[in-house]
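Chains A and B, in that order, are what the protein sequence lines are.
So the first sequence is numbered by full-length UniProt numbering: it starts at 1 and just counts up by one.
So the second sequence is numbered by full-length UniProt numbering: it starts at 1 and just counts up by one.
These are calculated hints, taken from the structure and not from any lab test.
Treat the hints with caution; some may be incorrect.
Any copy, or any two copies together, can satisfy a pair, since identical chains are not distinguished.
SDA-like cross-link-like pairs, simulated, lysine to any residue; straight-line CA separation at most 20 angstroms [said to hold, decoys possible]:
no., residue 1, residue 2
1, 538, 241
2, 499, 391
3, 23, 37
4, 538, 370
5, 455, 445
6, 23, 538
The model shown is predicted, which means the values in this text are computed figures rather than measured ones.
Single-letter residue listing:
Number of protein chains: 2
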Amino acid sequence: MSDIEIAQANEANEMLPITAVAKTVGLQADDLELYGQAKAKLSYPTLQRLADQPLGKLVLVTSINPTPAGEGKSTVTIGLGDALNLRRQKAVIALREPSLGPVMGMKGGATGGGYSQVVPMEDINLHFTGDMHALTTAVDTLAALIDNHLHQGNALNLDPRRILWHRVLDINDRALRHTVIGLGGPTSGVPRENQFDITVASELMAVLCLAENMHDLKARIGRIVIGFTYDRQPVTVSQLGVTGAIAVLLKDALKPNLVQTLAHTPTLIHGGPFANIAHGCNSVLATKTALQLGDIALTEAGFGADLGAEKFMDIKAPVLGKTPDAVVIVATVRALKYNGGQALKDLTTENRDALAQGFANLAKHVANMQQYGRPVLVAINRFTSDTDAEIADLVAACAQLGVQAIPADVWGQGGQGALALADALITALATTSRFVPLYDPKAPVKAKITTIVQKIYGGKDVVYDHQAELALKTIAANGWEDLPICMAKTQYSLSDDPKALGAPTGFTMHVRDVIPKLGAGFLVVMTGSVLTMPGLPKTPAAMNMDVSDDGVISGLF
Amino acid sequence: MSDIEIAQANEANEMLPITAVAKTVGLQADDLELYGQAKAKLSYPTLQRLADQPLGKLVLVTSINPTPAGEGKSTVTIGLGDALNLRRQKAVIALREPSLGPVMGMKGGATGGGYSQVVPMEDINLHFTGDMHALTTAVDTLAALIDNHLHQGNALNLDPRRILWHRVLDINDRALRHTVIGLGGPTSGVPRENQFDITVASELMAVLCLAENMHDLKARIGRIVIGFTYDRQPVTVSQLGVTGAIAVLLKDALKPNLVQTLAHTPTLIHGGPFANIAHGCNSVLATKTALQLGDIALTEAGFGADLGAEKFMDIKAPVLGKTPDAVVIVATVRALKYNGGQALKDLTTENRDALAQGFANLAKHVANMQQYGRPVLVAINRFTSDTDAEIADLVAACAQLGVQAIPADVWGQGGQGALALADALITALATTSRFVPLYDPKAPVKAKITTIVQKIYGGKDVVYDHQAELALKTIAANGWEDLPICMAKTQYSLSDDPKALGAPTGFTMHVRDVIPKLGAGFLVVMTGSVLTMPGLPKTPAAMNMDVSDDGVISGLF
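Extracted from the complex, chain A is given alone in its bound form (with noise of 0.2 angstroms):
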């Protein structure tokens, strides 16, 4: 059966109100804003009740650098919560929300798979309850705007060729990467370069995420720099007046959403910034109301260890307040085998030299991550082509580094198949810990990209184009020195080159320009060439879908 299938039949058969759901964690119907018998919001004072509420223990879920072969970080994700929820643990699952315009182009979803999924998986993936529709919103109102301020006499004096604020659709749509606007004569604005992402990429995505409340987020909005005088003066939100306008766009997408898995794990998904440009992490409120709710709260970060749970280390956690008890880093053999080298067609068949040859990626992930001190998993997401060999080699590979790595099968078996798994975390968790940083946010700019980029991505040096270098110079003169990295990188390789796979060294990383987000309070640091609006592919998946006459959805996974 397709994702989808199993996702059906069990809407239809099992799937419970999610005001049953929430009486779990001690939530009552009036917490909650239905959307629907089995979607979410938590309301305000909701969220302001929760404050008081001890915090459980929190695990990141991160992987190794993503491949073609597929890793499976959410899937696992889900199905270790079942497991921990099976062991009896009150586990709460914080996820990212996924974007339609992947969902539009590549098969493969965003909600886990097989029998670790979350559910109502089509509602999910589709507008959900409407927060990607919302900052979409957010964004492009602002962007008008900004447009309309320079048609209408620009009294501060923007420079049109600096505008630093891009439109968004939440779609995978090459065309818009480079467009003029303005076209048309005078009476249809001003004529200038712009560009336009993909809704998650942009910086309001990253504020959502980073906020701590209404309030922070109406600090964080105002904060934005959207672009530069012809004096080069930074201008901001706020000096544009229109704060509380962006504000009251995202006055219901900034409440978490719950959902359950198919096990009815409470699920809280909300936000889901990219994990280049922006710092890959769903949100500081989702992910605080689960350690809230749960004496464990699972949590992941988009692509590998080396971007997104670097990016939750050191960007996501000193907002939240909280570092990771554990970390459990997510490996398969057919990914690490594409790493040594194992043809994508041929993964299926057994190479335990080539397995031999990849592991390299997942031992350095595993050292980064040990770096920061918490005691770290390996979880080995089982495919039905792995051999008991691959697998026991892996294992021992892992036993060699001194972490324990634990087979699962959560596509297949849910939470069943990751009880060995959640056993390890269980005994991981109760021993002692202590976080150590990777950087102090006030060091140099340069040295805190050298750090990043010698520790984890096991790099040699930086060389700073002419552009990044006078954005170092605009930086240091506006006094925005003292704010965390976010490395703009592909997510292929440890290094800037898509191609370097398994662990790369020695490389020297080439940053094109630094990008200063105010509102999400990081310096955004541009290596190689980072895509921020996707395109779609020969065959885009919307090719395959289908509604029926009585609503039935088919053809999404």
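We have chain A; now place chain B onto it with these hints.
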């Protein structure tokens, strides 16, 4: 008190759970898909079950040509609905959904005003149940799929210069009226000119509003002509192979939304196509549902009776399978004086001459509506500055035409202010009448246009630009001539000159183009310049908006 203050006081103290409102018209809790406590969509099984219900009486509320003085068509519709329920009629209201663009731009909501409002007004005016966002996403996903088709080899031989499908945003953004997309080299699409419209101007909005059910929605989507090949052959969504995906995105948006007035009258708010480029009426599904649930269904149509009501009669009614049993034309003393030449700033001063002069506009709309054979009433939406003498003059002038004019104070008194109007309407609905169609859709295209221009607008004849003649040839060659006409004309005048107020006669209409909308099932006749993407004013309404730390919105009207 402002509209939002009146609404918020009510929402906190008096608003009923939407399940209780639904019960008054025989709907049970499981007929509803809740969006919070006060909003719901009607489920597909419910819509199917209602198909057997007998239909109530249908009342169409329309108005004179809009002026800057304001007419208050929605406010009168809401107050009249409340008044009918005070008179123990079972009235259900069906309105259009507001567009966010104007909400952020101009002060003035689309949810009525004063004590004749629908609530929760903030939600309805902002994201509501996500219908507009689903439409925006569907329109832009189709656009991305079209540009991806060009990029991936263009198997359909689409001419990039002859693509009819525009992108949209639900935002007033004049800088997107004329753009060039696909720049940046071969990896970023095919360069071409591109236009963004506001969402409500898209054919897909008209399609949603005219679809009878999901089956019909898919058929209409499949028929949409997205452009022409280099050989000038039309290319449809069906040929592109993505009908199902676009319908998937509209699965929930197709379901009508149920809310309530301040007096708890059940109100369906669903769909809102432009009344120039499209037909300007709420959805067929919502109006039909109102007819199934109520003894009297009250609905309205966009702009003046020359645009919205004519299209209701000639485009929507044939699909609905039901014509209005009575027509109410809303007029204000202020707006008629403006039509009679009094300056906007002086409208609060009594001016019986200007009123007598401007009455011609109302008289023409009365005569127009009487052509359709149904009883016609005039509702005088009373403002505090109207003098008794002006009101008496207006009532007398209407009486001379044989039409009853009834003053109503719906803003200040809600339904209590419209009891006399309700009584007159109940009497009118008890009379026997026969609907007379304006034209036969099988008549030649030019004959149909001439009929509308002469019989509704009061014009003499029609001239066609070269582009329009070419378009008519294409329409003839493809056999699209039997479709009804959807005039795109300025709303400010009965003619195509927005400055010609009152009731101009003897003018010649200029047709620039004729655009086939096969999905909606009409031919759009472009006259004058019709703006499909509005701009923001010098001081947008957004500047006044704010939201408190606990989520209370202010400055929204």
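Checklist entry - In ascending order, which of the hints set out earlier in this document are inconsistent with the structure? => result Hint check: 2, 4, 6 fail, others pass.
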